[in-house]
Every structure is written in structure tokens, then in C-alpha cells.
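K.L.:
Generate the whole structure from the sequences, applying the supplied hints.
Taken in sequence, the protein lines are chains Z and S. The first sequence: position 109 = 109 (my numbering), numbered continuously. The second sequence: position 198 = 198 (my numbering), numbered continuously.
By construction, these hints were calculated from the structure, which means they are not laboratory data. Please read all numbers here as calculations on a predicted model, not as lab measurements. C-beta: ideal position from N, C-alpha, C; glycine also. A couple of the hints might just be wrong.
Derived, one-sided and incomplete: chain S residues facing chain Z with beta-carbon distance under 8 Å [said to hold, decoys possible]:
1) R65
2) L66
3) K225
4) S242
5) L389
6) W624
7) A639
8) D643
9) Q647
10) L683
11) D684
Across the chosen pairs, the derived CB separations fall in these ranges [unchecked claim]:
12) Z:R101 / S:P295: 38 to 48 Å
13) Z:R101 / S:E597: 38 to 48 Å
14) S:H79 / Z:A70: 22 to 32 Å
15) S:Q15 / Z:A70: 16 to 26 Å
16) Z:A70 / S:K88: 48 to 58 Å
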Amino acid sequence: MALKGLLIDYSYCTGCHSCEIACQVEHGFAPDRWGIKIAEIGPWQIKGDKWQYSYIPAPTDQCDRCAKRAQEGKTPTCEHHCQAKCIEIGEIAELAAKMTRSHMVLYALR
Amino acid sequence: MTAENTFVRHKKPWQYQEGKYTVTRGGAWTGPGCHDGCGVLLYTDQNQKLVKVEGDPDDPYNQGRLCVRCLDVPHVVNHPDRLLYPLKRAGERGENKWERISWDEALDTIAAKFIDIKDKYGAEAVVFNQGTGRDIVPYMSRLAWSYGSPNYTCTLSGFACFIPRISAMAATTGSFWVSDCAQNFADRYDNPEWEPPEHMILWGNNPVVSNADGFYGHWVIDLMKRGTKFITVDPRVTWLGSKSEHLLQLRPGTDAALALGMLNVIISEGLYDKAFVDKWCTGFEDLAERVKQYPVDRVSEITWVPAEKIVAAARAIGKSKRVALQWGVAVDMTKQSLPACQALSALFEITGNVDRPGTMIRPSSFLAVQSGWGWEFLGEEQNKKRIGLSKYPLLQYGFTCAHPDEVLFAMESGEPYPIKASWNQTNNFLACMAADPKRVIPIYKNLEFNVVVDLFMTPTAVALADIVLPAATFTERDGVLATTGSQRGGVINKVTSIGEAKSDMEINLLLGKRLRPEAWPWNNVVEMFDSMVGTQHMKFAELREKGPAYMPYEYLGHEKGLLRHDGQPGFNTPSGRIELESTFVQMIGLDPLPYYEEPEPGPVSSPEMYKEYPLILTTGARTWSMFHSEHRQIPHLRALHPDPIIQIHPEAALKYGVSEGDWVWVENHMGRAQRKVELTPVLDSRVVSTDHAWWRPEAEAAEPNLYDVWKLNINQLIPFAPGDSGFGANYKTLLCKIYKVEEGER
Chain Z
1 MALKGLLIDY SYCTGCHSCE IACQVEHGFA PDRWGIKIAE IGPWQIKGDK WQYSYIPAPT
61 DQCDRCAKRA QEGKTPTCEH HCQAKCIEIG EIAELAAKMT RSHMVLYALR
Chain S
1 MTAENTFVRH KKPWQYQEGK YTVTRGGAWT GPGCHDGCGV LLYTDQNQKL VKVEGDPDDP
61 YNQGRLCVRC LDVPHVVNHP DRLLYPLKRA GERGENKWER ISWDEALDTI AAKFIDIKDK
121 YGAEAVVFNQ GTGRDIVPYM SRLAWSYGSP NYTCTLSGFA CFIPRISAMA ATTGSFWVSD
181 CAQNFADRYD NPEWEPPEHM ILWGNNPVVS NADGFYGHWV IDLMKRGTKF ITVDPRVTWL
241 GSKSEHLLQL RPGTDAALAL GMLNVIISEG LYDKAFVDKW CTGFEDLAER VKQYPVDRVS
301 EITWVPAEKI VAAARAIGKS KRVALQWGVA VDMTKQSLPA CQALSALFEI TGNVDRPGTM
361 IRPSSFLAVQ SGWGWEFLGE EQNKKRIGLS KYPLLQYGFT CAHPDEVLFA MESGEPYPIK
421 ASWNQTNNFL ACMAADPKRV IPIYKNLEFN VVVDLFMTPT AVALADIVLP AATFTERDGV
481 LATTGSQRGG VINKVTSIGE AKSDMEINLL LGKRLRPEAW PWNNVVEMFD SMVGTQHMKF
541 AELREKGPAY MPYEYLGHEK GLLRHDGQPG FNTPSGRIEL ESTFVQMIGL DPLPYYEEPE
601 PGPVSSPEMY KEYPLILTTG ARTWSMFHSE HRQIPHLRAL HPDPIIQIHP EAALKYGVSE
661 GDWVWVENHM GRAQRKVELT PVLDSRVVST DHAWWRPEAE AAEPNLYDVW KLNINQLIPF
721 APGDSGFGAN YKTLLCKIYK VEEGER
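P.N.:
Structural data, given as C-alpha cells:
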């Protein structure tokens with residue numbers, strides 16, 4: 001089976017946790033289980049007003065790309081509810097072509 | 001109305017079947033509390049149980065997105081601790097002993113008591129307190145005023161949230177102004193008239209976490225994608241601050257000084273909009289003279305912001321084509337907030353960033369009930385008894401509330417008249433809104449009768465209530481989007497029922513009918529909503545089918561004669577212009593120009609106290625998953641923020657001997673509260689920051705423990721001390737010391 005992609009434009013990820021909770025409630029996960037989880041990188045001061053301060057969501061082994069939703073023709077719930085609209089799931093080659101700026105990350109998913 | 005409302009085109013009807021679920025479209029407002037009212041799709045099963053909430057992609061407001069609190073609403077609605085029935089106190093106040101009663105018994109008891117008090121002391125002897133973020137302003141104000149009480153208010157010292165901003169802008173421009181994020185248009189960012197701001201100033205606001213009424217915080221990310229640059233003014237380096245072109249990390253409470261210093265730069269360097277000022281402003285010469293008292297070096301010393309940064313940010317504002325000011329409660333929560341808000345307003349006023357696309361615009365009002373509904377039922381004789389009018393005369397000009405601090409002092413002293421009872425709806429003030437809660441509690445215990453209306457049992461209800469009424473969440477009731485998100489008209493749809501909980505508006509209708517039937521002529525809430533929506537020549541059912549509805553919006557209202565009752569060009573002020581020197585403020589005997597006053601206590605105003613309490617404490621940091629005192633019992637949301645924290649710079653932590661994860665007491669001359677230490681470099685080492693409104697629903701409810709509220713409520717360090725105008729209070733500018741909690745104290 002061809003791999004799918006999960007593209008995050010993390011220059012816009014505010015760390016709002018909507019992807020995490022949307023996933024938890026969609027799949028009935030407990031508060032300590034995730035299908036996608038946000039890593040906080042920073043904050044630390046690099047120099048002057050330049051700070052390292054990023055949030056990067058990462059899919060877990062419990063991510064099923066919202067298989068049930070896909071059957072109903074719906075987008076995965078993390079993508080649907082992302083408040084920064086910075087998550088996209090789809091064909092990996094098409095998403096790779098969208099990686100034209102820094103601060104983007106593409107995950108390969110089964 | 002000269003033009004038609006625009007409706008949103010939906011792919012599906014307002015209610016439809018999807019597999020085994022019924023899906024219902026509508027607005028998410030409220031409780032639980034919120035300041036937005038996003039478009040949602042509510043999924044219910046065959047037993048009418050709410051199983052899922054999704055964002056409605058067709059709703060232009062949130063465009064399918066949702067925050068964690070809405071995504072997890074089913075766990076709030078179906079929570080086992082929800083209040084299910086009306087309760088009557090069965091023990092002493094504070095014992096948490098209750099007896100289930102019927103709605104008729106509850107409402108008849110309350111009505112009989114309120115009528116008895118009115119006969120004996122006058123209706124002004126009952127105070128009506130509301131909290132924030134719940135859909136009750138029209139209904140509760142109507143309840144208070146139709147009953148005859150002018151004392152409709154809240155328990156927040158100096159109305160220190162939103163109202164100071166509105167007051168300052170209304171007094172000086174005749175209107176309220178908000179950032180233009182294309183929210184007035186159904187086609188939003190695609191609207192051909194709209195342009196993104198070139199700069200947005202984020203002042204005392206982290207909008208992605210917390211936002212004012214009708215402003216969806218992540219719109220700032222939409223703007224960022226469209227090229228808007230940011231100027232952030234905040235004591236903390238927020239994520240948005242780290243992405244900003246200018247980052248001004250100020251000492252808490254010095255906002256007015258910083259704004260005046262920036263005005264100094266803009267005026268002295270000739271960067272203001274001369275044509276706009278000449279044509280549309282008064283008092284510019286006096287403002288220019290006033291800002292000379294705030295040279296950049298002095299302002300830098302006051303605010304701790306380096307002089308070159310102040311100059312650079314001021315120049316950016318002065319030279320930008322389109323500036324929007326997105327400001328937060330931090331400015332309202334300075335004691336002299338009226339002159340502070342005047343200073344901030346002047347930044348967009350003298351630069352002509354007024355009612356052009358991508359600048360500051362007038363918020364539309366689909367239903368004109370934002371500041372209350374049914375004022376005509378009160379009458380002038382009762383209005384004269386409104387507490388606070390004589391001390392704070394600004395309340396006479398278009399304001400309908402009693403003054404919260406003065407109401408409390410009246411309860412305490414019995415002057416100018418005794419208060420006998422309170423109605424508290426959506427207000428858990430012992431955990432959240434009230435300053436100095438240990439002063440408040442005996443005052444309310446001294447009243448003959450207290451009613452609390454809420455979703456869950458709270459510290460306020462346990463300590464004070466004689467009757468507790470169970471309120472419905474937004475999924476359990478019909479409603480109209482009446483105040484929050486007022487730029488569009490929409491409805492809220494009932495999809496489920498929990499116990500015997502009733503909506504806030506139905507509770508008010510049923511009690512109102514018992515107290516003053518002619519003010520509540522409707523047989524049910526939908527008839528009441530029909531009457532409200534009728535001002536837009538619609539019925540509730542039609543708005544449900546076709547909404548959200550967007551009113552027509554025209555930019556440059558002042559040029560087109562849209563702002564004044566006489567239809568003339570100009571602003572709705574005595575002079576017809578924006579009054580940089582305010583006629584209204586002068587009329588009430590206060591300084592008509594913006595000025596800065598040192599926070600008291602503070603490092604400058606009380607140096608002796610600063611030696612004992614060497615850290616500046618700012619409170620009320622917002623979190624992703626909790627709305628004020630709510631959501632502590634919701635597992636997924638609590639897991640995101642399990643404990644109250646105090647953020648402190650690692651150098652300060654070292655100095656005061658505390659480490660990451662330590663529990664500490666945060667203490668000042670008034671009281672103390674426990675917090676868990678979180679080390680962070682985003683604060684100045686002289687400043688600490690904490691979140692607010694903490695209690696533990698899992699802890700012992702009965703007094704004296706009261707759900708741990710006395711261990712955790714940070715407002716025990718805050719006095720009731722409003723600014724000279726009556727608006728503003730220092731909730732965010734305090735002094736404190738910290739030290740470790742001893743074993744056994746937790």
C-alpha cells in the first residue's frame with residue numbers, strides 16, 4: 001500500500017492542542033493516549049528578539065488517519081479542527097511538492 | 001435598514017441524518033463560558049445523547065475550526081457531577097447539605113422572597129450579579145430592571161474587563177472599535193473591499209489563547225498568512241511575540257506610559273496623519289503638549305522597555321498603511337484604566353487608522369441588546385438609586401450597571417440603603433471574579449437570601465446559596481447569538497436534555513413572569529427570541545434555517561454620516577469629532593487627557609513594601625483548556641493544565657530557592673495562595689505570572705475547605721480598589737514574595 005503523508009506547516013502552529021483533543025474524542029482515547037501529540041521546542045532566547053519557540057505536532061502509532069471518517073468522505077479530525085489550518089493529510093508526493101518554505105515537516109504514514 | 005442582510009449558503013439543512021447520528025447546526029454559546037459562539041455541528045444518537053461536536057466549515061466565523069473546550073463539550077454536558085435538579089439548602093450555609101425541590105417550588109420561593117423584600121425595603125435591596133462569557137446579558141438585565149432593581153452588576157472590581165475599553169472609546173469617539181479581520185463579511189478574507197492590516201498591535205493580549213467578545217483568536221494566524229506583521233506588547237515573550245517584528249516586554253501596569261511615549265515619538269517626528277487629525281479630531285494640541293511629559297528615556301525607565309525599541313515600534317505604527325490594535329484585558333486591569341485606554345486609542349486615532357479596511361472598525365450589532373434589554377421597565381426613580389452613580393458620574397452616560405465595588409461597600413455598610421438578597425447567575429465569584437474573596441464571603445453571608453444558578457456545584461454556591469438552580473449548557477437549549485460574536489446573527493439549537501436543567505433564559509423568563517408579568521409576555525423562550533429577532537424582520541425559525549446572517553457594513557462611516565443620530569458626517573460625540581481631550585471626562589471632573597499613574601503598590605510607589613515583596617506579580621494568565629473557573633472537573637481538559645502554576649525566571653528561582661515543580665506560597669500583605677513552580681525564560685527575572693480562578697472540584701466541598709478555594713484563589717492578594725473614573729483595577733499588577741509550601745500544608 002502506498003504511503004500517505006501528513007504535512008505540518010509549523011511556522012503557524014500555536015500549540016493550541018485542538019489536534020490532540022479532536023483526535024482523543026474521535027477515537028475515545030483516555031487523556032494520556034494520543035494519536036497526534038505536540039512537541040514544544042523552546043522557548044529559549046537565541047539572541048536579542050530572536051527566539052526558538054516552535055510547536056511541532058507528531059503522529060503516533062495510534063494514528064489511523066481517521067479511517068472511519070475517510071469512509072464517510074471526511075477529512076481527518078486533526079486537519080478539520082486545526083485552528084491555525086496548518087495540517088494537511090493526503091498523497092505524500094503531492095504534499096512533498098508543497099514544501100516550498102522552511103518550518104514545514106512531512107511525515108510518512110501507513 | 002438600507003441594504004439586505006447576507007446569509008451563508010449551506011450545503012445541508014440545519015438538521016440532518018448521518019448514519020445513526022442526527023447532526024444539528026448552530027452556534028456554540030454558552031455555557032460552558034466562552035466569548036466566541038463558533039459555528040458547530042452537534043452529533044446526537046438515537047437517545048438524544050450528545051456524542052460529538054465538530055466545527056461547521058460553512059460558518060464564516062470559525063471556518064470549521066474549534067478550540068479544545070468546544071471539542072470536549074460532550075464530556076461537560078454528560079458529566080456525572082452536573083447539577084440536575086433545583087436544590088434547597090438543608091443545613092447551614094457552607095455545609096453542602098441540600099434537598100431536591102421542584103422547579104415550581106424553587107421559582108415560587110424565590111419570587112415570594114423577592115416580592116417580600118421589595119415590599120419591605122424596595123426592589124433596590126436585591127443585587128443581580130452576573131459573571132462573564134455566558135449568554136445572559138439581555139435576559140438577566142431584563143429580570144433585574146423589570147423587577148425594579150437598578151443594581152444589575154458583577155463582582156469584578158472596577159468592571160476591570162472589557163468595559164473600561166468600551167467606556168473610554170465611547171466617551172471619546174461615540175463608538176467602540178475593534179480590529180478588522182473581515183469579520184463583518186460573510187465572504188471574509190475574500191471580500192473585495194477588505195485588506196489585511198499591514199501591522200497588528202497585540203497589546204496585553206495573547207489572542208490565540210484568550211480573546212475578547214466576538215474575536216476568534218486564530219484570526220491573527222489567518223492575518224499572519226496574509227502578510228500582517230505584529231507588534232507585541234506583553235510582560236511575557238509569547239509565541240506570537242517571538243514571531244513579531246517588534247517585541248516590547250514591559251513592566252506590568254505601565255501600559256499607559258508606554259503608549260504615551262510612543263505618541264510622543266509619533267507626534268514629535270510628524271508621523272501622525274495630519275489630514276485626519278485636522279478634519280476629524282479635537283484636542284490634538286493639548287495631547288501634543290501632554291505627551292511632552294513622556295520623553296522616551298523617561299518612558300523607558302518606567303516601562304523597562306529599551307528606548308530604541310519604543311522608538312522603532314512607534315515609527316512602525318506611524319509609517320504603516322493600515323494598523324489594527326488588538327488589545328486585551330491587561331489594559332482594563334490597570335487601576336487608572338480610563339486614561340490608559342485613552343492613550344492606547346490615541347495611537348490608532350491620530351494615525352488615521354479609523355474605519356478603513358484593515359484598521360479599526362465598528363462592531364456590527366445584529367441585535368441591539370449588548371448592554372441590556374428592558375431598561376424602560378426600570379424607571380427614572382429607581383435608576384436614581386443605582387449604587388455608584390454619585391461617586392462615578394460616568395455611569396450616567398449610557399451605562400446601565402451599578403458599580404461593583406460600591407455595591408459591595410453598600411452591602412457591608414448598609415449605606416446608602418440596606419441590601420437584603422442576591423441573584424447570582426453564571427458567577428462563581430468566590431473562586432474567580434471577586435477581588436479579596438475573604439472580605440466578600442461574610443458580606444454575602446449576612447444577606448437574608450442568596451440564589452446561585454450554575455452548571456455544577458461551586459465554592460460560591462456551597463458557601464452562600466439558599467437555593468441553587470441547575471443551568472443548561474448550550475446543547476440543551478434554543479437561543480440566539482445575541483451579544484458575543486454580534487457581527488452576525490445566528491441561533492443556538494437544543495439537541496439534548498440533562499436532568500431538569502433549564503436554560504439561563506428560560507429561568508429568567510419563568511421568574512420574570514412571576515415578578516413582573518407584563519415585561520415577560522411570552523409563553524416560551526422561542527416566542528421571546530421571535531420578539532428579539534423581530535427587530536431584523538425575521539423569526540427564530542427563519543434565522544435557524546438561513547443563518548448566520550451578516551448585516552451590511554460600510555467603511556468610513558464618519559464620512560458618510562452613518563455614526564450620528566442627526567445623519568451628519570462626523571463621530572457621535574459632543575464636538576462631532578474624535579475627542580483626544582474628552583468632553584465627557586472633563587464634565588465629570590477628571591483629567592480629560594491621557595496620563596500614567598504608577599501602580600500602587602509597586603516598586604516605585606511603595607519602595608518599602610517592595611523590599612518585603614520583591615517580585616512583581618501579574619495574575620490571570622489564560623490557559624488553552626479552561627474558561628475562568630470552569631472545566632476543572634473535565635478529565636481531558638484538566639490533563640492539559642492539572643495545577644495552578646507560577647511562572648518564574650530561572651535566575652529568580654535560584655535567588656528565592658525554589659525549583660521546577662515545587663509548590664510555593666505566593667504572598668503579599670493581604671493574603672496568600674499556593675502555586676506550582678514553572679521555570680521559564682519568557683519573563684523578566686523581576687516578574688512572576690500566574691493563572692487564576694482555581695478550585696478543586698475533587699476536594700472536600702463543605703466549609704472550611706470549600707473545594708480548596710482558600711488554598712488556591714490568587715485574588716486573595718487583590719484589593720477592591722478601582723480607578724478614579726470607577727473603571728479599572730490592578731488585578732494584574734501586584735507585589736509578592738514566594739516561599740516553599742511546608743509538608744502538610746497542601
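K.L.:
Does L683 of chain S meet its interface restraint, that is, does its C-beta lie within less than 8 Å of any C-beta in chain Z?
P.N.:
Because about 11 Å separates L683 of chain S from the closest Cβ in chain Z, which is outside the 8 Å limit, the hint is violated.
K.L.:
Is the interface hint satisfied for Q647 of chain S? The criterion is a beta-carbon contact with chain Z at less than 8 Å.
P.N.:
Q647 of chain S check fails; min Cβ-Cβ to chain Z is 11 Å, beyond 8 Å.
K.L.:
For the restraint on W624 of chain S, tell me whether the closest CB of chain Z is nearer than 8 Å.
P.N.:
Holds - the Cβ of W624 of chain S comes within 8 Å of chain Z, reaching about 5 Å at its closest.
K.L.:
Between A70 of chain Z and K88 of chain S, does the C-beta distance stay in 48 to 58 Å?
P.N.:
52 Å, holds
K.L.:
Starting from the range 22 to 32 Å, see whether the pair H79 of chain S and A70 of chain Z falls in it by beta-carbon distance.
P.N.:
31 Å, holds
K.L.:
Does L389 of chain S pass the interface check with chain Z, least Cβ-Cβ distance below 8 Å?
P.N.:
Interface hint status for L389 of chain S: violated (43 Å vs cutoff 8 Å).
K.L.:
Is the interface hint satisfied for D643 of chain S? The criterion is a beta-carbon contact with chain Z at less than 8 Å.
P.N.:
Cβ of D643 of chain S sits 15 Å from chain Z, so the hint is violated.
K.L.:
Is the shortest C-beta separation between A639 of chain S and chain Z less than 8 Å?
P.N.:
4 Å, holds
K.L.:
Can L66 of chain S be said to touch chain Z, with a Cβ gap under 8 Å?
P.N.:
5 Å, holds
K.L.:
Taking 8 Å as the limit, does the beta-carbon of D684 of chain S come near enough to a beta-carbon in chain Z?
P.N.:
12 Å, violated
K.L.:
When you take the CB atoms of R101 of chain Z and P295 of chain S, is the distance between them in 38 to 48 Å?
P.N.:
About 42 Å separates the Cβ atoms of R101 of chain Z and P295 of chain S, which means 38 to 48 Å holds.
K.L.:
Holds or violated: the hint that S242 of chain S contacts chain Z, with Cβ atoms closer than 8 Å.
P.N.:
With a minimum Cβ separation of about 4 Å from chain Z (threshold 8 Å), the hint on S242 of chain S holds.
Hint violations for this structure: numbers 5, 8, 9, 10 and 11, all remaining hints satisfied.
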